[in-house]
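Construct all of the structure, not just a fragment, from the sequences and the given hints.
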Amino acid sequence: MENKDYYGITVGPISHTINLTSSPGGLWMASFLFSYIVKKLVKKLTVAGVEVLIPTLEDENKSSNVGSYPDHIIFSGEIAGNQINSIINKVKEEIALMLFKCWEKSNEGNDEYNESSVKDYINKYINIYCVKVGNLNGGEIFCEVSKFLDNLELSRNYIHQDNAFFLELFSGEEERKNEYIKNFLEVIKEKENVRSQVRVNRNGRIKKIDEIAKIDDENRKINDYYAIIFADGDNMTTTFASLNDDKKNDNDDKKNNDKKVINFSAACLKYTKKCAELIGDYGGVTIFAGGDDLLFLAPLANQNDKTLFDLFDEIRKEFVDSLLEKNDETDNDNKKSEETKNEPTVSFGVAITYKKFPIYEGLQLAQTMLFNYAKTDPKNNLAIKLSKASGQTIGLIFNNDSRSLEIFNKILKNYFIKDNTDESRKRVHSVIYLLEKYEDLFDVALDKGEEAIKNFFINMYDNPTQTRYKEFIDEIIELYKAINEDRKNNKFKQLKDEKKNKLEDKKTKNILSGVLRLAKFYIETKE
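Residue numbers for the sequence shown, in UniProt numbering: 1 to 527.
These are computed hints drawn from the structure, not numbers from a lab. Any given hint might turn out to be false.
Stated by the list, open to error - The calculated lysine-lysine pairs, modelled on PhoX-like cross-linking and capped at a C-alpha distance of 20 angstroms, are: (1) 388 with 526; (2) 44 with 132; (3) 520 with 509; (4) 306 with 274; (5) 259 with 270.
Given the structure is predicted, the values throughout are model-derived calculations rather than measurements.
Okay, here's the thing in structure tokens:
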């Protein structure tokens, strides 16, 4: 029986680097840079004769316009350690030369940096680690190699502290008018077919935050806000573990299991490429789309009355279409009942932030919303935090399959997005006001049941005969019931003050007010 060694490579520091950026262009460049490093490593490893299982190389003629390679590489084959080191060093040299050219284009005659100093900087700054895991079975490949790579990342005790070169290179609109980012696009285009969503036109002008947030109505508050979104697949390790149903060790079985991993990697590429298209069509800017991860910036709504929540639904559908295809031999009813418990889903961490707030603050908040809230059990959540310029915040956590989210989205579209009128604003303001002003009376109505709740709103409103208002109240009552039920089933939570890092445990009527305030924000006008 053939012994087959498996290897893993991890590349970084990605999070540290993207937090150095101050503009959409800088964010895109920082993310694309690491994806580009992974791509070059994969190409050189393939030439060296090893089989790269993860990630899948893109078709050069259909190259994506975003970073589409994750920070992990898994490959198998016979290769000497010094050959791997040689490949890593060569890639670092090539990246250093490329970045020096970006800087040199705008600094002719300036000797602050030279090719040698940039090579030294990149060699120290970029972390590329490789681990040899040994002989594995197919279902263990992803799980075991990823475990080693994750431990490597956690054990890193050094990040190069000199950020000066990258801080200058990723300068945004205010500092150097994105000139290094334009240079980067030009240098990359010499070898790659890059069509970035971050560019406004063929002249290479880079989008500003204002242009990402912008909608048709200049008078609406959401024109001054945009969303930073991290999306990440759930239970992916479980999915990979299930790729090997029988623990055979014969060579044919190993080849088959390797093929399953490769196919799954290709499905991930299909998913992220399609998501990048969806985000671009919506009006957003995809920063990274690789593996099962997404990072993008987007307006709260677009010119076609689509909202972020519509986009999230499309992404979830694409996730299912691309990644949840079952093999015929395992797709039986008995297996299905077991597998759906840990079936892959996608969670979202969303920071809605004012356009003049530092971009790194929004990035950190979106990451917190994803990893501290959305990806907590049972996962498959949408965690969203609105931070207003006034200092007010609204934080909500919906399960993606919850009735609360379904009804909220319906109300948002029918009574806010499609009904952006003074009457609509008055209607929702009245409901929120009544909930908060007459809390004791509402408690009495709650005790008496649904009809009493309806009468509470109708009797308090100054135009109770309006049919549209009565329909709106019916939907509000349904939302109240859904939130109440979903809270019991751990499918809905309200976020307390982010600084306290706790979840609110309020009465449902108070949480309902917060949910409606998020919807109301979509139609608020500037003073």
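Here is what the structure says about each hint:
Taking the CA atoms of residue 388 and residue 526, the gap is about 13 angstroms. The hint holds against a cut of 20 angstroms. In summary, the hint linking residue 44 to residue 132 is supported, as the alpha carbons are separated by about 18 angstroms, within the 20 angstroms threshold. Distance hint between residue 520 and residue 509 is fulfilled; the C-alpha atoms sit about 16 angstroms from each other, no more than 20 angstroms. Only pairs whose Cα atoms come within 20 angstroms are accepted, and residue 306 paired with residue 274 is accepted, the gap being roughly 18 angstroms.
Between the alpha carbons of residue 259 and residue 270 the distance comes to roughly 16 angstroms, so the proposed pair stays at or under 20 angstroms and holds.
Every hint from the earlier list agrees with this structure, and none is contradicted.
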